[in-house]
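Same order as they appear, the protein sequences are chains A, B, C and D.
For what it's worth, the working numbering labels the leading residue of the first sequence as 2, then goes sequentially.
For what it's worth, the working numbering labels the leading residue of the second sequence as 2, then goes sequentially.
For what it's worth, the working numbering labels the leading residue of the third sequence as 2, then goes sequentially.
For what it's worth, the working numbering labels the leading residue of the fourth sequence as 2, then goes sequentially.
These are computed hints drawn from the structure, not numbers from a lab.
It is possible that some hints are incorrect.
Note that the list lumps identical chains together, so a pair holds whenever it fits in one copy or between two copies.
To be verified - As a list, the in silico DSSO-like pairs of lysine-lysine whose alpha-carbon atoms are at most 30 angstroms apart:
#	residue 1	residue 2
1	K371	K81
2	K283	K99
3	K363	K176
4	K273	K176
5	K176	K81
6	K314	K257
7	K304	K101
8	K283	K81
9	K95	K304
10	K257	K224
11	K304	K26
12	K331	K224
13	K99	K331
14	K363	K144
15	K371	K26
16	K273	K145
17	K279	K101
18	K203	K371
19	K224	K203
20	K279	K99
21	K101	K26
22	K101	K202
Number of protein chains: 4
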Amino acid sequence: MRSPQSRILLPAFLILFCAPLGAQKIDIPDIPGYKTLQCDFHMHTVFSDGVVWPAVRVDEAAREGLAAISITDHLENRRKDVTSSRNRTHDTAKQSAKDKRVILIRGGEITRAMPPGHLNAIFSKDNDALYKEDWRESLAEAKKQGAFITWNHPGWDRQQPHTTRWLPEHEEIYKNGWMHGIEIANGGDYFPEAFQWALDKKLTIIGASDAHQPIQAYADFAKGEHRTMTLVFAKARTEEAIREALDNRRTAVFFKDFIHGEEQWLRPLLEKSLVVQKITHKPAATSGASTSARTEKYEIVFKNNSGLLFCLKKIVPGAPSHYFREYIIKPQGQLTLSVGTPAETGSDEISFEVSNFLTTPKTPLIHTIKLLPTPAAKTTK
Amino acid sequence: MRSPQSRILLPAFLILFCAPLGAQKIDIPDIPGYKTLQCDFHMHTVFSDGVVWPAVRVDEAAREGLAAISITDHLENRRKDVTSSRNRTHDTAKQSAKDKRVILIRGGEITRAMPPGHLNAIFSKDNDALYKEDWRESLAEAKKQGAFITWNHPGWDRQQPHTTRWLPEHEEIYKNGWMHGIEIANGGDYFPEAFQWALDKKLTIIGASDAHQPIQAYADFAKGEHRTMTLVFAKARTEEAIREALDNRRTAVFFKDFIHGEEQWLRPLLEKSLVVQKITHKPAATSGASTSARTEKYEIVFKNNSGLLFCLKKIVPGAPSHYFREYIIKPQGQLTLSVGTPAETGSDEISFEVSNFLTTPKTPLIHTIKLLPTPAAKTTK
Amino acid sequence: MRSPQSRILLPAFLILFCAPLGAQKIDIPDIPGYKTLQCDFHMHTVFSDGVVWPAVRVDEAAREGLAAISITDHLENRRKDVTSSRNRTHDTAKQSAKDKRVILIRGGEITRAMPPGHLNAIFSKDNDALYKEDWRESLAEAKKQGAFITWNHPGWDRQQPHTTRWLPEHEEIYKNGWMHGIEIANGGDYFPEAFQWALDKKLTIIGASDAHQPIQAYADFAKGEHRTMTLVFAKARTEEAIREALDNRRTAVFFKDFIHGEEQWLRPLLEKSLVVQKITHKPAATSGASTSARTEKYEIVFKNNSGLLFCLKKIVPGAPSHYFREYIIKPQGQLTLSVGTPAETGSDEISFEVSNFLTTPKTPLIHTIKLLPTPAAKTTK
Amino acid sequence: MRSPQSRILLPAFLILFCAPLGAQKIDIPDIPGYKTLQCDFHMHTVFSDGVVWPAVRVDEAAREGLAAISITDHLENRRKDVTSSRNRTHDTAKQSAKDKRVILIRGGEITRAMPPGHLNAIFSKDNDALYKEDWRESLAEAKKQGAFITWNHPGWDRQQPHTTRWLPEHEEIYKNGWMHGIEIANGGDYFPEAFQWALDKKLTIIGASDAHQPIQAYADFAKGEHRTMTLVFAKARTEEAIREALDNRRTAVFFKDFIHGEEQWLRPLLEKSLVVQKITHKPAATSGASTSARTEKYEIVFKNNSGLLFCLKKIVPGAPSHYFREYIIKPQGQLTLSVGTPAETGSDEISFEVSNFLTTPKTPLIHTIKLLPTPAAKTTK
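Please work from the sequences and hints to get the whole structure.
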């Protein structure tokens with residue numbers, strides 16, 4: 002008997018999407034010299050302990066406007082119903098990625114109890130060959146294949162239930178050149194220790210969804226949420242350019258409303274996103290004006306041209322107050338605020354902490370603006 | 002070497018849902034004598050040509066408040082990476098269904114070109130045994146197993162590109178007792194011919210998502226959409242009671258804003274959902290009132306206690322107009338409307354077509370209301 | 002004592018909008034020769050029985066992308082707290098309209114019991130002069146001022162509780178040249194009788210929100226809803242061009258998911274919005290293909306480039322079936338569907354009723370497509 | 002001639018709400034001994050520089066589930082088109098408030114340049130009498146009327162462009178018994194200095210929307226946002242009980258995702274909202290388990306029974322790390338987390354900073370949980 006199986010001519014994947022699935026592309030501007038690519042290098046499918054087919058990961062990425070993904074199924078945690086080669090994850094998604102113009106980077110997760118925990122090898126060549134009894138052999142093989150290796154979720158509470166520690170095994174991995182990057186944010190978790198280690202040890206910072214479920218489980222798109230991701234500042238939108246940027250640590254991490262990264266990338270990102278539209282000098286109101294102060298002030302109009310949110314805290318250097326005032330500028334939003342004049346503040350500049358742009362785990366980016374009324378806006382009288 | 006595979010102690014499925022995924026439970030009232038169970042008896046997973054793992058189907062159902070589902074993977078269209086028994090779909094999802102209190106009914110889809118097209122066997126016992134070269138043998142086996150058999154998407158345009166026809170093969174299937182139900186709605190498609198056949202041939206009407214993608218691809222929950230489903234009027238929330246209701250044709254189909262089904266179920270559903278809160282007699286305005294008519298009228302206040310939408314068209318029997326007025330009452334919404342008095346209309350009743358409650362493909366339910374002012378609401382003066 | 006009132010220097014309207022208020026601009030394409038302007042010529046403020054200040058109406062219009070509005074406060078129904086000139090509605094909103102680039106057209110509503118009911122005079126010159134004891138005098142004055150006069154909500158159930166009638170007073174108004182347009186949709190109500198009268202009597206069709214509350218009370222923008230509006234096909238985005246278009250009956254009415262209007266405007270609007278991307282000939286599957294028919298067919302790919310929704314019903318001329326198949330193409334959505342070949346259908350064309358594009362109250366637009374495979378898409382083998 | 006005005010019989014306010022306007026009631030639990038009433042005591046209408054009619058404020062409050070509001074139009078900033086008594090704001094909204102069961106408290110805003118800025122007098126008796134040339138006279142009159150007086154938006158940058166200062170005038174007001182409460186949050190602004198002053202000087206803390214626009218301008222309800230408000234812990238849902246609670250400083254301020262207030266109110270609010278469902282002891286994994294640690298741990302399951310969000314930061318007392326781990330528990334959400342055992346941590350308790358529950362401007366509430374496995378959850382083996 003000929004099997005009915007053999008007669009299938011058409012793969013039945015021609016599903017028509019009626020519902021837009023709610024995903025929103027977030028507008029994050031390029032910076033001088035580099036494209037800002039939104040990437041997610043850590044996620045799973047039914048080929049390990051995830052619950053979706055690889056093509057779903059490509060669809061999700063395309064809807065959210067990601068430039069690149071790597072599907073990094075565990076080499077070890079596999080289902081008894083899905084037992085084919087560890088390279089199938091990538092291979093089954095390739096055509097779909099090509100069609101939807103998502104860069105698909107081969108990768109796999111080397112999965113152990115702590116220590117050393119979980120590590121991703123992306124830009125791997127053969128995932129079956131990565132799979133070894135001894136994790137040291139796996140990492141050596143990954144290095145041999147030219148993979149970019151990251152330590153994943155260092156402070157995952159299921160593996161480090163007390164504090165986040167850099168253990169001797171991590172030192173060994175690092176010394177051997179088996180660790181190039183480190184996740185400082187994974188899904189809903191942020192690991193400030195890892196951010197500091199990355200700065201100290203010159204590791205590339207990574208943020209990733211680590212999605213196992215459909216991506217809607219991690220981001221309520223209708224509320225403007227997004228997955229945790231890595232921003233890669235690359236010379237082009239190509240796989241090679243992404244690798245070059247990772248090797249040269251040109252990344253930032255986009256986690257909830259926060260951007261984490263070195264000042265050299267966060268400053269141009271801020272400047273391209275948030276512009277001062279107008280500064281106006283407002284003289285002191287004459288006596289009695291009910292809604293204004295009796296002292297002169299400047300009015301600054303900010304415009305946010307990006308899909309990012311900005312949280313500005315005004316710094317008042319010599320003030321008796323210990324508190325900063327906080328202003329939120331929503332995606333594509335605008336903000337008008339009043340600040341004191343040099344006569345009052347002793348400076349012709351005003352500075353803000355951008356409290357959601359962090360250049361170390363403890364250091365917000367400082368944004369300073371010169372208080373020169375813009376030419377079009379003459380002093381009102 | 003011992004395989005790392007063997008050391009996995011914990012399946013890594015303990016994913017924490019942070020985002021509520023936007024699904025909304027829709028409040029559909031019980032009717033006298035029966036529970037109204039929201040059910041979906043047709044969907045797919047990676048065990049055929051779907052793209053999610055079976056437990057995802059249970060999660061989706063639980064979030065949407067479904068009482069029961071059947072995961073009906075194609076017996077034939079299977080992936081080369083997932084080749085285990087045709088019973089695995091159901092078996093892998095059983096524990097999850099138990100935990101989330103979703104009734105999981107075993108089922109499979111017998112998949113052929115037209116004729117006869119696709120048929121589901123739900124309440125099957127052994128899906129591997131259902132899989133046969135000859136579809137007649139598959140259906141005979143399904144019957145032997147005591148399955149409830151439905152003809153799926155009779156008018157799917159990929160199989161019936163011109164019109165929807167009941168072919169000799171369907172007559173044969175029907176005569177053999179191999180067809181107990183028929184899908185009158187599948188995903189985004191509605192098949193009015195199938196509804197009429199169901200009424201004529203005493204088949205049970207079924208509506209189903211036929212989901213292959215994550216359910217979010219079929220319903221934009223943030224916009225209040227829902228999957229296509231079967232409403233089962235069952236004596237209890239159990240698998241046995243669902244079967245008894247299906248065998249006795251106590252179903253309706255919830256497709257977009259429409260409810261399709263026999264009057265005996267639609268009328269109590271309407272009456273439990275939409276109540277008249279108040280009827281007030283409004284005498285004629287004295288001359289000059291700018292916003293009112295100079296003729297007397299009644300004012301009716303409707304309250305919708307359900308998550309369904311109601312579309313009422315006022316019937317004006319002897320009127321010269323050929324048009325009906327249409328009123329929409331949204332889920333949990335309210336509507337106040339004015340109607341003529343017996344002096345004008347010749348009747349102390351007012352009737353509406355409930356144009357989204359269809360008792361045949363061409364017949365809306367008629368809702369008639371006696372125009373007696375409610376006691377609390379005395380005639381205003 | 003000098004009043005504190007006199008010392009107010011700054012009007013305190015510098016409210017910063019933080020929340021985007023959820024409004025969505027709906028993309029409706031221009032048609033050959035004309036711009037498609039989204040307009041709403043009927044709404045209220047606190048200057049009659051509305052509950053918002055006039056500038057709110059301008060803000061709302063700007064957020065929704067409307068080209069023009071007219072704020073048509075009742076000349077009669079006024080609040081005892083707000084008693085200044087009937088021209089103040091318009092005058093207080095002028096600057097705001099200029100700033101936000103919304104065309105603001107002066108107007109007022111002449112408000113009587115039925116008959117004759119309510120009539121709007123837009124493009125009026127002096128609303129105080131329109132206000133008369135006798136409605137005939139009001140209308141004569143409106144005509145004298147060069148106003149464009151419309152009969153509003155002819156079938157409002159509070160004024161016509163039984164059926165919608167054209168009364169002798171309306172005939173008189175029409176004969177006197179005091180009625181140029183007629184609302185066929187107002188808020189949530191649609192008046193098919195009025196649409197037919199407009200076609201027969203050469204009146205301009207109008208759709209309007211008649212908003213009294215904040216606009217969010219009438220459209221749940223988060224769910225993609227919009228206000229009822231008039232589409233004006235104008236030579237330019239100016240007040241004069243809008244008047245010229247109204248005078249020449251170049252309008253359509255956008256009510257819920259429906260577009261009502263003459264075929265000469267609806268056809269180009271359809272053609273600019275909904276394009277056929279690809280037609281592919283699919284030969285008959287050889288025996289056994291599980292998901293396809295054994296007959297050959299064409300596959301048509303539609304792309305909706307607009308923010309409108311399309312509801313297509315396939316017409317099967319000689320078919321035994323009396324039912325049409327219905328397809329929904331969402332805003333910016335895509336649809337692939339299969340249709341029979343000439344061998345089966347007897348025609349090398351396929352026709353659809355666009356059931357939400359109505360050229361009379363009973364006539365959907367017919368959309369016919371030639372079944373020629375697109376060059377790029379060769380017959381698959 | 003009789004004026005058409007005189008013939009108006011019915012005010013035309015019978016607007017039917019079709020769209021639910023997206024507002025969401027937020028579930029905030031009562032605390033032992035007191036009802037938790039959501040209140041907003043500061044907002045405007047067209048009777049000063051707001052843009053909505055008073056009844057709109059009642060509608061908004063009812064939809065959001067507020068127990069009480071005060072409409073506090075500026076006594077001074079009034080429109081030339083709306084000049085009736087300063088008591089009309091309240092009086093026109095009274096019937097509507099009664100119908101919708103919203104407690105409406107009379108109030109007005111005494112509006113001056115800084116110093117002293119703006120102060121609200123709520124529970125006033127006659128707003129016309131409050132209106133004086135000299136603000137000291139206004140405040141004295143307010144006190145005489147028995148009003149509850151608050152200093153509004155002390156750090157509004159238009160009035161205090163440099164830092165937030167308590168000026169001699171405020172000291173005078175305070176000493177005279179003319180200040181009973183102080184806004185620590187107003188619209189999108191938060192004033193930590195004011196919170197500290199309130200604690201030091203025994204003032205009642207207040208949060209308010211200060212809405213001038215329709216409320217949708219301040220909260221994107223579809224995204225789960227809410228207006229800034231005061232939580233009043235009152236003995237009953239009555240005007241008198243609210244006054245008693247205000248006089249006794251039983252309030253908290255709900256601003257964005259933050260609750261500000263004294264520990265005596267925040268702790269029971271936390272305990273009623275966030276419960277520990279289960280604590281499970283997890284022994285150390287035997288060698289090789291890929292996803293777990295090799296050390297034993299506890300697993301805690303939290304359930305959030307409220308509509309509030311909780312942000313927990315785990316405190317690790319003796320740990321070398323300086324960082325806390327942060328966990329978000331969304332409204333009605335759940336969280337499972339792993340913590341070290343006494344063997345590792347030296348304590349059988351685990352503590353968290355609830356970083357969005359602030360008992361001073363610098364002090365988060367500490368939440369400590371005893372690590373006793375719950376009886377139902379036996380140690381897994």
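Run the structure past the numbered hints and jot down the numbers of the failing ones, going up.
1, 4, 5, 14, 15, 16, 18, 19 and 22
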